[in-house]
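As you go down the protein sequences, you meet chains A and B in turn. In terms of numbering that gives the first Met the number 0, the first sequence opens at residue 0 and continues consecutively. In terms of numbering that gives the first Met the number 0, the second sequence opens at residue 0 and continues consecutively.
Just so you know, the hints here were simulated from the structure itself, not pulled from any lab data. Since this is a predicted model, take the numbers as computed values, not measurements. Some hints could be false.
[Said to hold, decoys possible] Some chain A residues well away from chain B (every beta-carbon gap over 10 Å; in silico):
| hint | residue |
| --- | --- |
| 1 | Q93 |
| 2 | L94 |
| 3 | C134 |
| 4 | S143 |
| 5 | L147 |
| 6 | I214 |
[Stated by the list, open to error] For each label pair, taking beta carbons as the anchor points, the in silico distance ranges come out as:
| hint | chain 1 | residue 1 | chain 2 | residue 2 | range |
| --- | --- | --- | --- | --- | --- |
| 7 | B | D106 | A | I48 | 19 to 25 Å |
| 8 | A | N227 | B | K71 | 45 to 51 Å |
| 9 | A | L81 | B | E25 | 58 to 64 Å |
| 10 | A | V36 | B | D106 | 24 to 30 Å |
| 11 | A | S55 | B | D36 | 57 to 63 Å |
| 12 | A | T219 | B | D106 | 37 to 43 Å |
| 13 | A | L81 | B | D106 | 39 to 45 Å |
| 14 | B | N241 | A | S55 | 28 to 34 Å |
| 15 | B | D240 | A | N227 | 37 to 43 Å |
[Stated by the list, open to error] Here are a few chain B residues that sit away from chain A, every Cβ distance over 10 Å (derived from the structure):
| hint | residue |
| --- | --- |
| 16 | E25 |
| 17 | D32 |
| 18 | D79 |
| 19 | G95 |
| 20 | N102 |
| 21 | D106 |
| 22 | R164 |
We put the beta carbon where it would ideally sit given N, CA and C, even for glycine.
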Amino acid sequence: MDWFDNIIKTFLDFDAMLQVLPQLLTTGLVNTLIISVFATVLGIVIGMILAIMGVSRTAWLRIPARLYTDIFRGLPAILTILLIGQGFARISQQLFGPSPYPLGILALSLIAGAYIGEIFRAGIQSIERGQLEACRALGMSYGSAMRLVVVPQGIRRVLPALVNQFIAIVKDSSLVYFLGLLVSERELFRVGQDAAVLTGNLSPLVLAGVFYLIITVPLTHLVNYFDNRFRTGRRKATPPKSGLEEVAERSTLSPALAHGENT
Amino acid sequence: MTYTSPLPVTDGRFYEGSRLKIENVEMAYGDIDVIRDVSISVEPGTTTCIIGPSGSGKSTLLRGVNRLHEPKCGRVLLADDDALALKPDVLRRRVGLVFQHFNLFPDHTALQNVALALRNVKRMSKGEAERVALARLTEVGLAERSDHRPRDLSGGQQQRVAIARALAMEPEVMLFDEATSALDPELVKGVLSLMAELAQRGMTMLVVTHEMGFARRVADQVVFMDEGRVVESGTPDEIFDNPQSDRLQLFLSEVL
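All chains should be modelled from the sequences, with the hints used to inform the complete structure.
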């Protein structure tokens, strides 16, 4: 069973794992979460702007949004990250210091913004036209109608897709390592990778992978839960009620008119 | 307000309706003409019912009056104001519209549905808006359900919330676009009796409907439309008992 021992040693060397565990927890996991959460928040802001532009009736707003989305969705993430991370290094240095960390987050959020913009746009456009018309018929402005009625419903409808996007961002956050991070800034993948190179053993990477799964798998199930809940509605089943009771509700108000015929 | 009701007016107050005059209005979807040279005059405090086969442009005409769909040409007068010259938002504050499919806001309670525009458009405080909203819901018999969301209300109740929502804005004219077409038969009457009550209380109403009984009983004027034109108009008795045109006779023989 030599080969079996070999496999165990290569992938599941617990000593190697234990050695890297503290660093994975305190540095890797923390940084992965920081990068992912910041990129998602920024991405949501960018995405919302893109979506509002995308559903606008003005071509001057629609076309730039379309272009942006096509470019950042169409490029490989690694290419965008390298272009942004290295291209803006000098400006970033003046603003944030020598670390490429902020640029990595920026690049990720630019990419995420394109996807999230499409998610929001689909959500907003899935809201029946009648909602906007009802607002307009009451004298509300387009902006108020969107802000108070249409967009909130659209967002609610695409929450599952947003969680999916967050999962994608968590995974893509590993690409930031290409920009060369300081030791204290390394995320899960880079920490695992470093340890793997150092020990000549893949077990630290496997452990890093386990950490990714710990983040993503529960979220996947959360999506399913969301999805079910939003599809079926959260209300408890109420016993059916006869429509005839409702007739009484109105007829008490104007008895003189309640006996009108329907033909 | 010179409306004299044959029936005693119930508790509620009178409405202050305005005259609505539609003059030579034409409307189109792209290249397709849907409304051709339509003129209808609705006197203050009276009810005009528009009847006619589907595709005759009835709903489009209503949407033209509050400019959800902009008329191509013609004039619409609200009181003495040129409705097509007003800012659309200003016009719509003065004209209430009730939709066939209610279009209530699903994530708002009945009370919030009514209060939303009061706060956003009329700039009322939260408390003030809710007070007015509750009063309007009481008027349509739904005070006890003010905290229900639309999906927990029946179609008839939803439509009455929608009517309360429109009434809360204190419109000078109410437009009803087949307000009972999407309702189960036993729920129709509740909505119709509410509309009749509004008519009685001096609201100026333009009602697109398939309920011939309602048109006959409540309308002061009935307009028969077909293919985007007014084919015939008159009092309910004239339209229903003594139809002149072939189209109207054919239509009535199909629906009555």
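Handout entry: Violated constraints from the hint list, given by number and in increasing order
Key = Those not satisfied are hints 3, 4, 5, 11, 12, 14, 15, 19, 20, 21 and 22.
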